[in-house]
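Assemble chain E onto chain G, guided by the hints.
Chains G and E supply the protein sequences, listed in that same order.
If you're matching positions, the first sequence starts at 0 in numbering that gives the first Met the number 0 and goes up one per residue.
If you're matching positions, the second sequence starts at 0 in numbering that gives the first Met the number 0 and goes up one per residue.
Because the hints were derived from the structure by calculation, they are not lab data.
Treat the hints loosely; a few may be bogus.
Said to hold, decoys possible - Pairwise CB distance ranges, derived in the manner of DEER restraints:
| no. | chain 1 | residue 1 | chain 2 | residue 2 | range |
| --- | --- | --- | --- | --- | --- |
| 1 | G | Gln-345 | E | Ser-54 | 21 to 31 Å |
| 2 | E | Gly-61 | G | Leu-5 | 25 to 35 Å |
| 3 | G | Arg-582 | E | Gly-219 | 33 to 43 Å |
| 4 | E | Asn-132 | G | Asp-346 | 39 to 49 Å |
Claimed, not checked - Computed cross-link-like contacts, DSS-like style, restricted to lysine-lysine with a CA-CA straight-line distance of at most 30 Å:
| no. | chain 1 | residue 1 | chain 2 | residue 2 |
| --- | --- | --- | --- | --- |
| 5 | E | Lys-4 | G | Lys-303 |
| 6 | E | Lys-4 | G | Lys-543 |
| 7 | E | Lys-12 | G | Lys-175 |
| 8 | E | Lys-128 | G | Lys-616 |
| 9 | E | Lys-62 | G | Lys-297 |
As the list claims (entries may be wrong) - Chain E stretches covered by chain G per the calculated footprint, using a threshold of three residues with CB under 8 Å from any CB of chain G:
| no. | region |
| --- | --- |
| 10 | 24-36 |
| 11 | 160-167 |
Beta carbons are placed, not taken as given, at the ideal position from N, Cα and C, and that holds for glycine.
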Amino acid sequence: MNRKTLIAAVLGLALLAAAPLLTSNPYYVHMIGTIMIYAILLYGLDIVVGYTGQVSLGHSGLFGVGSYTAGVLFLKLGAPLWLIIPASIVVTAGFGALLALPALRVTGPYLAMVTLAFGTIIQILINEMNFLTEGPLGIKIPKPSIAGHKLSEHEFYWLTFALMVLSLVVVHRILKSQLGRAFEALRGSPVASDCMGVSVYRYKVYAFVISAGFAGLAGCLYAYSEQYISPNTYNFELTVLFLLAVIMGGRKTRSGALLGAAIIVILPKLLDDLEMFRVVASGLAVLMFIGAVVGIAKKMTTPKAMAIPVVGTIALAGFSFWLQSITDWRLSIFGLMILFVVYYLQDGIVGFARSLFARKSNADTRIASVSGKDAVMVAAHAGAGETGTDLLVATGVLMQFGGLKAINQVDLRIKRGTIHGLIGPNGSGKSTMMNVLTGIYVPTAGSIEFAGSSVVGRTSSDIALSGIARTFQNVQLFGEMTALQNIQVGLHHTFNSNFVDVSLHTPRFNREESAATERGLGLLDFVGLGDLAFEEARNLPYGKQRLLEIARALALDPQLLLLDEPAAGLTAPDIKELVAIIRKIRDHGITVILIEHHMDVVMQLCDTVSVLDFGQKIAEGKPAEVQANEKVIEAYLGGTVA
Amino acid sequence: MLSIKNLEAGYGKVQVLHGISMEVPKGKVVTLIGSNGAGKTTTMRAVSGMIKPTSGEISLHGKRVDGLESYAIAKQGLAHSPEGRRVFATMTVTDNLILGAFPRLTGSRPKGDVPGDLERAMDLFPRLKERRNQLAGTLSGGEQQMLAMARAVMLNPEIVLLDEPSMGLAPILVEEVFRIIGDLKARGVTMLLVEQFAAAALKVADYGYVLENGRISVHGEASKLRDDPAVKAAYLGGGH
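The shape of chain E in the complex, shown without the other chains:
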């Protein structure tokens, strides 16, 4: 599905990624683990076209997408739920979700059943259903986080990039988020996941990559990484 080869990227003169390669097969959940500043978010941003890679290849079902603009990559079926709450603050929850389906409405993605998907997205996040007519900017931080995630799903994407979906959520909602990721996985959605709760991420994921200073240090089956003593010590920490 998604294939990354020798990706290098950064901001201005600061190079963050020093040649990383990874694969996200169809229908699988792959998680990216690493400490702050390792380059997880940068990888996500490069894949979705928010920053331009300086070298390397990114392809989505065999087609090169590196160098394309974000909207063009979205049309290929890649949805990005970015880190931090990037919702359209002055629009209602419903409108935010419908905008997520924008390429479907303009005909650059198969249309499918947009109203039906809207209902299903609301069912997935009951909190959003209650507030469907509220302006997104008036939602609490956690609700905005859910909205960003629900909006990504509205693209009916081939692959979803989730950057810290549980950030700033109450414990009860963190469970909820992981339940939703599990649901999406069961529906066959391919996902690339970056999560602060690395242990929980490795539980839901099939495969994992560990990023260190912009390079991949270890990768393997999620279950194996979970038992890897080095990974445990460095990233899994206290009891998550």
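Pulled out of the complex, with its shape left as it was, chain G reads as follows:
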């Protein structure tokens, strides 16, 4: 976070803290309190929706669990505040783990349905479990007491404020740590996450659990704030409002969550009052107009694209002055405004504002201490063992898809410290072999021994951590993350810090984080991308994306590196650079399996070459021998080498 944003954030928060002193109307104090409570939930929801990219329609259910944990503990046991808050968080986090289970199996619209069902079931259970929850009657809870002193409306506001700020800091720290990077990586490419040793399975559960914890805290505070809870509150509409708040405010921002919360709380209330609505509609039209003018002036958008929103908001303002009474139109207008924001500002309001005022340079985040030491040296230490001994031995590997034998009884013997080429026609099973070696497919039969232990049946992330790293034929970077962050995901295994370390920024976390940054930059330098560390991966040209993938794979400190067509789509000068990099990698003691169609690359680099055709090994040997082999020429090389 740079200075300006920090100052803005502190000023904003100070204003928020002072709010009860600025107004004597308890209605407004309560309203702002509610916004802060929703914001806590939205911070958590954003982890799931914004970062891991999962849709949850179950968060009103979790909110309800938090409220009712507080309500029931107070009603049945008369438990004090200091017990109720942690209990609400823990119980709701447990429910979050439950909600995560379907997320491991289904995605997209199916996940949305399952989480929706979860939310509905919670609401029904609260309604039905009379003995615990008093059913539809609801539970009354007075404002909490601390050390015998019953909190006033204002004091409770400040308690909420303090917890909101605490949540803000904790969420922010989580998301800026290796945990946050792991969440984002899941969204970018699940298969690459697994192959970087970040278990998709585990981190999806973490994301839901942490998210639910915040929903629990929010629910608990909500119960105290309203002083009465009943099952009807935690319905489908609330869950949709939460999602809308994240989307409208802007995902992946904390200010967006606060803004979104403010919108869903204030907007319906503003629409109660015609005068107020006229002011809001006019203000919106003016803002939209200014936004459009700035946008066009900065060449970010065309007059044509801006015409409809500008005309639309002006029409809405005109409509507001034409209206005699607003009561009949309230919900339709609310709906229209939401539709409008979601349609035109897909990055949310905060995202839109950022893109208007964004500075191109990342100079303020630039870390000066680029380590001079060669980051790959660390990787080399992992590669203990003597050159020339067997690192990987695959025997009789069979991979069958239905009736198709994609790999048929293939033996491979990879010697330590060598570059082993794997060539063959398209569709001969090379990439399938890679997927078998990295645990993406479990072979139908055969054994694979890596550094003395079997990898068959182990998960991809487990295999990755044991020392096999890979790149992908069709590049699998984490697109929305910077080049450096991509590599830091690869360095995930170097972190021992847990949730607490991350939240408190303990020395251990700080040490690990700065080491990861240093090594990440070192690895970027190694592949010649040092200048592009803060560029988003998806904005890099194709050839650089391929190099970034190699650097990310090296971050795993692998003993064995699998490169799947690294030179595809590269022009001659880029290929030269690539060949030099692969040589350097080998010289650092890392064994390489290279799938490649550029025969000159294969000939220059490989110590041994195996040739696959129709899933079978048809030749193996020194590059020159293979190149002269009749069978290989017929199946693969053709008359002249292209």
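Chain E in isolation, oriented as in the chain G frame:
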């Protein structure tokens, strides 16, 4: 046929193309050469409407097409075989190819003989014929690449943009791809070609443009570029 004037384009705040101008005459093959990140793919994407140019003109037989949506440009007879394997993974090979002829089936392009062209496309790529009923997503990378190319041809286009057609193909298939490009050229198809094998591309092309950092540095007859020592040193490299 295709004419580009002072084209500027980019992604978000990053400007990639800084005013490039080029011509692709009817019936000719023109190739675009440059290192990674020079803006070859961006040019292709701007021409086919996948990104909107920030300024400049693109016209297809005299009619401005810049600012149009991709499908509208396709209706004008421009087919784009994009970089990386963009096939309809859950549909069969045959269905993928028929979708390539979509504007012909809906009447926005002259219909011609779609079933006949389907057979001819399959003949051009025997590998696809063998797998005509297989789902495109189950094809190997190289086969998907061919499918993308065959699908572009199915539009019966006036001009084809080929972005890295030989990427990820076995050497024997790379030859095949260049043979096919030669065949298409002989049939009078106009092409704009981006290829990693710049030397081979210059062999099949009539004219070439060299892109450097989003600007055209050199252009000329393909045969002349092939002998240009600067081009040779920078782009033609080891023995392709």
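Honestly, which of those hints from before does the structure not fit?
-> Those not satisfied come down to hint 2.
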